[in-house]
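For the sequence shown, the numbering used here gives the first residue as 261, with consecutive numbering after it.
Just so you know, not all the hints are guaranteed correct.
Claimed, not checked - Below, computed lysine to aspartate or glutamate pairings styled on DMTMM-like, alpha-carbon distance capped at 25 Å: (1) K315 to D401; (2) K315 to D456; (3) K315 to D494; (4) K371 to E460; (5) K282 to D269; (6) K371 to D456.
If you're looking for bench data, these hints aren't it; they were derived computationally from the structure.
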Amino acid sequence: MNDAKSEMDSPIEKCRRALQIKSQVVVNCLSELYGTCLLLFIGIGIVCQFDLSHKSLNTWIQINVGWGFAITFCVYTISKTSETNRTQLYTYLAGGHLNPAISLMFYTFGKLPLIHVLYYSIAQTVGAFIGTALAYTLYYDQIWHALGAARIAVGPNATATLFTSMPPEHVSNVIAFYDQFVGTGFLALFVAVIVDKRNEIPVGIHPLLVGFVIAMIGMAFGMNVGYPINPARDFAPRLFAALIGYGPEMFT
261 MNDAKSEMDS PIEKCRRALQ IKSQVVVNCL SELYGTCLLL FIGIGIVCQF DLSHKSLNTW
321 IQINVGWGFA ITFCVYTISK TSETNRTQLY TYLAGGHLNP AISLMFYTFG KLPLIHVLYY
381 SIAQTVGAFI GTALAYTLYY DQIWHALGAA RIAVGPNATA TLFTSMPPEH VSNVIAFYDQ
441 FVGTGFLALF VAVIVDKRNE IPVGIHPLLV GFVIAMIGMA FGMNVGYPIN PARDFAPRLF
501 AALIGYGPEM FT
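With the hints as extra help, turn the sequences into a complete structure.
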């Protein structure tokens, strides 16, 4: 009893109680921001290591597996924070989407109010922007060593793929859109399969299976435009790249 009481009176616990946020919606939004920030920090770091090393430190398979691991551990990291009901799926119904497309999917299932989709999407986009900035800061010296002052968004010498998906010149906008539609559709489909209670998949392995899905989609549909299946992951790094010198061509 004394040990439990001393733990409750520890400085960390006192600080936690003082800073506790009462609104679960605010907690979930902060969780989305934090989780998406971690996801982009790790994910863009993986891509930077691949591109800046001239593909000598990573392979395409490692990129896909790395993104899969990233989504898995980021969802695990924030799952308890965004939990509202232990009998529910402790990540996806309470938060931990890290992707506006997934939040929108749960709205269509009647599991999430539309206004929460908006809140989550904003939080995810802000988190993605911060995560991109952190990855850029970490690899700042390597980027300048490899690129100098050149910031080329499109063309054979483009380097904007460090941050976001940029289709090659021979891939049309129609195919690029189709590619994104298919990839995002498969993601939503398999997430729905994973969280469907009728399939009796243990809740604790849901994030791991979603990571497998991400890796699978990358291996199957990554060639055209790099499987941009997350609007926050695509838009926020695109905006960041435009602000650091790539300019409006990031949105052409």
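Broken hints, numbered, in rising order? Result: hint 2 breaks, nothing else.
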